[in-house]
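**Student:** The primary structure of each chain is shown beneath.
Number of protein chains: 2
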Amino acid sequence: MKFIKAPKKFYFHYPFPVTVVVSKFEDKVNMMSAVWHTQLSFDPPLYGVLISRKRFSHSLIEKSKQFTLNFLDYEFLETVAFVGSVSGRELDKAEVFDIPLKDGRIIDVPILSESYAAYECELYDEREYGDHTLFVGKIVGVHYSEDAYYGEKFIPDVYKIRPVLYIGDEKFLTTDPSTEKKYGKKEAEEYLRNWG
Amino acid sequence: MKFIKAPKKFYFHYPFPVTVVVSKFEDKVNMMSAVWHTQLSFDPPLYGVLISRKRFSHSLIEKSKQFTLNFLDYEFLETVAFVGSVSGRELDKAEVFDIPLKDGRIIDVPILSESYAAYECELYDEREYGDHTLFVGKIVGVHYSEDAYYGEKFIPDVYKIRPVLYIGDEKFLTTDPSTEKKYGKKEAEEYLRNWG
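Sequence order for the protein chains is D and A.
1 is the number of the first residue of the first sequence in my numbering; add one for each residue after it.
1 is the number of the first residue of the second sequence in my numbering; add one for each residue after it.
Next up, chain D with everything else stripped away, as it sits in the complex (with noise of 0.2 Å):
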């Protein structure tokens, strides 16, 4: 193992999930895509997306205080990296990108059709961190494929769902499906009791 006191760009933890974070004020709508997201809180259901002040969706989302964030199957990788390689201040994406949008049931601002799932959002907080900003939205809606989850609790069947993940430069790959395992607490006690 090397050791390096804090470097300016790291990619160290990747890959990660992508999503788009889909805005809208008044007639203009924009997309991007963003790799730095997190659930914070189930009650309430609070998700947390990062975005720097100079990215347009930040204005918007400021002015409108509204977000959806969409999670896209590996077939549409294109859409996903496309997004989040140009400005929408000049261009309108959902048009020259061919993206299907459809609209919020909740809230003012639409959802890409394509996505497995897709959170509607109303912004809970906002906060500063060093050069981004920490969008906190409520999720108040979900968009989801049916026939991709199972049980009460929606866990995603890994045959159906491929997520989209980052790796850095620019590259971008999927799960392999074939690799999941159950690993829990009743694995864990018989550890424990034959270690005991």
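Hints are not guaranteed to be accurate.
Note: identical chains are not told apart, hence a pair may lie in one copy or across any two.
In silico DSSO-like pairs for lysine-lysine, Cα to Cα no more than 27 Å straight-line [what the hints assert, rightly or not]:
# : residue 1 : residue 2
1 : Lys102    : Lys5
2 : Lys160    : Lys181
3 : Lys138    : Lys54
4 : Lys160    : Lys171
5 : Lys65     : Lys171
6 : Lys160    : Lys182
7 : Lys54     : Lys8
8 : Lys5      : Lys65
Don't read these hints as lab results, they were simulated from the structure.
Just so we're clear, the structure is a prediction, and the values are computed from it rather than from any experiment.
We have chain D; now place chain A onto it with these hints.
**Tutor:** Only chain A this time, still in chain D's reference frame:
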């Protein structure tokens, strides 16, 4: 697509990479796996991780104001799964699960020696979001497997790094390196030239 207003528990946006959070206060070392985490900023280098107030790690971090974030290859799935399945209040997980530790270089919290990357973090901010606390760490040092990254930005070699991804329901999987694809500005600009 089905629609649902915010459900209680949900894994729509999974799989998500797992990090192992190591904390230490006085002589007590603990570790837990966490799936809610994200980078927050490059400058300064900030990383956030969500921890429930019920967790033993929460109290250790509150006291010591330090922690490490450890990323392990899928071959160490058992370690990652086990430290997430039991509490460290009653047992010493490193001892019981035979997890090799290494002292931090900057802070007084160990890292897991088996990590391909580990961040040493000093507590920078702490914020309550619903049922979890967002601990924001400033990365003050990085340990990494030299042969697993390339370039000045430390981009992962997908054939050498196979992260542990959590699906929900105590299930895990990893990436398929053969699906790696480059898609960036060049491809987007070429598309735009043909479109115009």
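**Student:** Does each hint hold? Answer for all of them.
**Tutor:** How the hints compare with the structure:
1. Lys102 x Lys5: For Lys102 and Lys5, only the inter-copy Cα distance (17 Å) is at most 27 Å; the intra-copy one is 46 Å.
2. Lys160 x Lys181: The answer is both: 16 Å in one copy and 20 Å across copies each meet 27 Å.
3. Lys138 x Lys54: both (24 Å within a copy, 22 Å between copies)
4. Lys160 x Lys171: Both. Shortest intra-copy (22 Å) and inter-copy (15 Å) distances satisfy the 27 Å Cα cut-off.
5. Lys65 x Lys171: neither (31 Å within a copy, 35 Å between copies)
6. Lys160 x Lys182: This pair counts as both: shortest intra-copy Cα distance 18 Å, inter-copy 23 Å.
7. Lys54 x Lys8: Answer is within: at 18 Å inside a copy they meet the 27 Å cutoff, but 35 Å across does not.
8. Lys5 x Lys65: between (37 Å within a copy, 19 Å between copies)
Of the numbered hints listed earlier, the single one contradicted by the structure is hint 5.
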